[in-house]
Amino acid sequence: MNEKIGVYVCECGPNISERIDIDRVLEEISSAEGVKVAKKFGLLCSNDGKNYLADEIKKEELTHLVVAACSPREHEQTFMNVCLEAGLNPYLFQLVNIREQCAWMISDKEEATRMAIKYIYAGISRVTLHKPLLKKELDSIPDVLIIGGGISGIEAALCLAGKDRKVYLVEKTESLGGMVKKFFELLPYQGSNLAVIEEKIEQVQNNENVEILTSSEVEDVRGFLGNFEAVIKSKSNGSETKEIKIGAIIVATGFKLFDPKNIPQYGYGKIENVLDALEFEQMSASGKILLKNGNPPKSVALIHCVGRNEKGYCSKVCCLYSIKFARHLQDKLPGIDVSEFYSDLCLPDKADQDYFEEAKKKGIHFIRADNLELKEKDGKINVEYKVAGGKKDSIAVDMAILAPAMVPSEDTSKLAEILNLPLDETGFFKEVHEMLDPISTPIEGVYVSGCALGPKNIPESIIQSQAASGKILSSLIPGKKIEPEVKVSEIREEFCTGCQTCLSVCFYGAISFDEYKGISVVNEAICRGCGSCVGICPSGAIRSKHFTYPQLYLEVLQALR
Amino acid sequence: MNDEYTPKIIGFLCNWCAYTGADLAGVSRIQITPSLRIIRVMCSGRIDPLFVLKGLLKGADGVMMMGCHPGDCHYQKGNYSARRRYVLLQKLFEDLGFESERIGLWWVSASEGPRYAQVSSEFSEEIKKLGPNPVREEIFI
Chain A
0 MNEKIGVYVC ECGPNISERI DIDRVLEEIS SAEGVKVAKK FGLLCSNDGK
50 NYLADEIKKE ELTHLVVAAC SPREHEQTFM NVCLEAGLNP YLFQLVNIRE
100 QCAWMISDKE EATRMAIKYI YAGISRVTLH KPLLKKELDS IPDVLIIGGG
150 ISGIEAALCL AGKDRKVYLV EKTESLGGMV KKFFELLPYQ GSNLAVIEEK
200 IEQVQNNENV EILTSSEVED VRGFLGNFEA VIKSKSNGSE TKEIKIGAII
250 VATGFKLFDP KNIPQYGYGK IENVLDALEF EQMSASGKIL LKNGNPPKSV
300 ALIHCVGRNE KGYCSKVCCL YSIKFARHLQ DKLPGIDVSE FYSDLCLPDK
350 ADQDYFEEAK KKGIHFIRAD NLELKEKDGK INVEYKVAGG KKDSIAVDMA
400 ILAPAMVPSE DTSKLAEILN LPLDETGFFK EVHEMLDPIS TPIEGVYVSG
450 CALGPKNIPE SIIQSQAASG KILSSLIPGK KIEPEVKVSE IREEFCTGCQ
500 TCLSVCFYGA ISFDEYKGIS VVNEAICRGC GSCVGICPSG AIRSKHFTYP
550 QLYLEVLQAL R
Chain B
0 MNDEYTPKII GFLCNWCAYT GADLAGVSRI QITPSLRIIR VMCSGRIDPL
50 FVLKGLLKGA DGVMMMGCHP GDCHYQKGNY SARRRYVLLQ KLFEDLGFES
100 ERIGLWWVSA SEGPRYAQVS SEFSEEIKKL GPNPVREEIF I
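Residue numbers (numbering that gives the first Met the number 0), protein chains in the order written: chain A, 0 to 560; chain B, 0 to 140.
Just so you know, the hints here were simulated from the structure itself, not pulled from any lab data.
Some hints could be false.
[Unchecked claim] Covered stretches of chain B (in silico footprint by chain A; criterion: 3 or more residues with CB under 8 Å from a CB of chain A, positions within the stretch not fixed):
hint, region
1, 29–35
2, 38–48
3, 54–67
4, 74–84
5, 120–134
Note that beta-carbon positions come from the ideal geometry of N, C-alpha and C, so glycine has one too.
Just need the whole structure built from these sequences, with the hints factored in.
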């Protein structure tokens, strides 16, 4: 054995030195096989400490480094950087955690010392089996695919398209604008006028760095951050397909409305003049708010929360647009009687409360009710309901407008399959973390923004698209190479029996089957190094770098010393 | 140190949830009996059933596997693989006549320092009741 292992124990101020007898530790381990030096230092993560370590690596010509200090989650990278600086491959280093799970957790100093020795022994025997892993660099494509030409997709396209970055904006329908374009106006605090949206559509259409592919759908996506390939199928050009190369993807496929026919008591599709919200938006946009018989309505019921209980979530925007409808009706048809039937009011933004109070002052009735049932009666719609306390009541109106829940758009599950993305229990795309990473997905380089993640208003959708764009702008810099994970799985061809069990556990699609060779193959650029395939391989053909079987086995043996 | 028997327990902890939870227990200065020796793996899905068997055959009195809660796996579904393997291991243990109580699987999140301390102490107590692992004297591999 020609190893020259250096073991350095950090005192971490009093944190370790007071709880563990470091001198005894050093005495014990200095005689371990391969150990050239065993020393202690006050605070290894300090600048002095880092310089000291780097000098030691060089002076002692160390081949391996073991640092006994804090959790690897704290300073593993710090010491790996020291190794790099001192010319030692950073993977020939092991950080042994004797602070969090030893000094701080075991009150008896002697016991803690004994445990620290065990942990350090494990580190020493493990490090001798470490292989110098090398960082890889891959060229990356800065271009971006945006799926969905609604307000989210448009905003992202505008943020991303530039001299060095092309954007492909794929839209299923014939035109851009999505749901927002179907509205007759926005809320007052959003500026009411739809011109701001039209302006954005125009900007994106005039941007020479955005290629707009309408009437098109994404058929297939392969690859990884920096190097994706997507197949886009055009419905208008006789099902022509086009292959594009991109570095990142934003999914902005939005939502559709819950079909009120699923709840028969609302009478939608059966009773005349029962509309859903989008139908009313378009009726208003046409300027003709009329009943089927051609007369303007004299009374209207606005029904909130259609499908809320069935879907199990609040859609956040319906209360406000229902108030918008009521006020619009009053403006256009003076003297009209408007009632809003709600179960809970959702007024989340700072301008919302005022908007609601004003509506009340203008004589719009707000009725908190449940068990609503709409019935046809003498050419009118009879709204039967129960108020708090269980009292039943009813009113007859000319028109009823339903506010259905927002649900995932048509092809969400198909797209989730193509992109290998998870959906949550509501059927929308699932973010990595609602609070900490709200627009990222488990697939690096693939982001979701807007209502594809769940109900949202326009400003929130725009914010998310700007956030997703920011992620891409900072991770996919034109001309800069990307560095994939180093501690990945590798399959040893000679042992692989081609059973493909590993394919079933790889969530990232990093393993494929080579039909010609009859074996599984890992794409190292996609692999994240979880090691699930290693744990499941029945023939032991897969090795996870830096967490190999012998390395972990030695840890087990040392644990049982 | 007292003369009471301290079992030897190996714990395979995933890097993202359980290991961080164990760190948190330390940061919170929760004191536990020093019977558990932690081995860090990136994901509970990496825990090869062989590690568990080898550990018990080489003298461990118990083996703990800990991963992220269902739905929280850093690698999305690795913990489900771990769970399936754990069930199989238990079956195997029963078939071989080993004490299946000597292995266990727990979900511990990064914020569950107290839970980490609790489950590891409870398991340690259970193993203490079972006494030293007879397998290491009976089986030679």
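- Task: Please count how many residues of the region 120–134 of chain B have a CB within 8 Å of a CB from chain A and say whether that reaches 3.
- Result: violated (count 0)
- Per the coverage rule (Cβ-Cβ under 8 Å, at least three residues), is the region 54–67 of chain B covered by chain A? holds (count 4)
- Counting residues of the region 74–84 of chain B that have a beta-carbon nearer than 8 Å to any beta-carbon of chain A, does the count reach 3? Answer holds; 7 residues pass the 8 Å Cβ test.
- Message: Closer than 8 Å Cβ to Cβ for three or more residues is the test here. Does the region 29–35 of chain B pass it with chain A?
- Response: It holds: at least three residues are needed, and the region 29–35 of chain B offers 4 whose Cβ sits within less than 8 Å of chain A.
- Given that the region 38–48 of chain B was listed as covered by chain A, double-check it with a C-beta distance under 8 Å for 3 or more residues. This one holds; 10 residues, not fewer than the three required, reach chain A with a Cβ under 8 Å.
Hint compliance for this structure: hint 5 is the single one not met.
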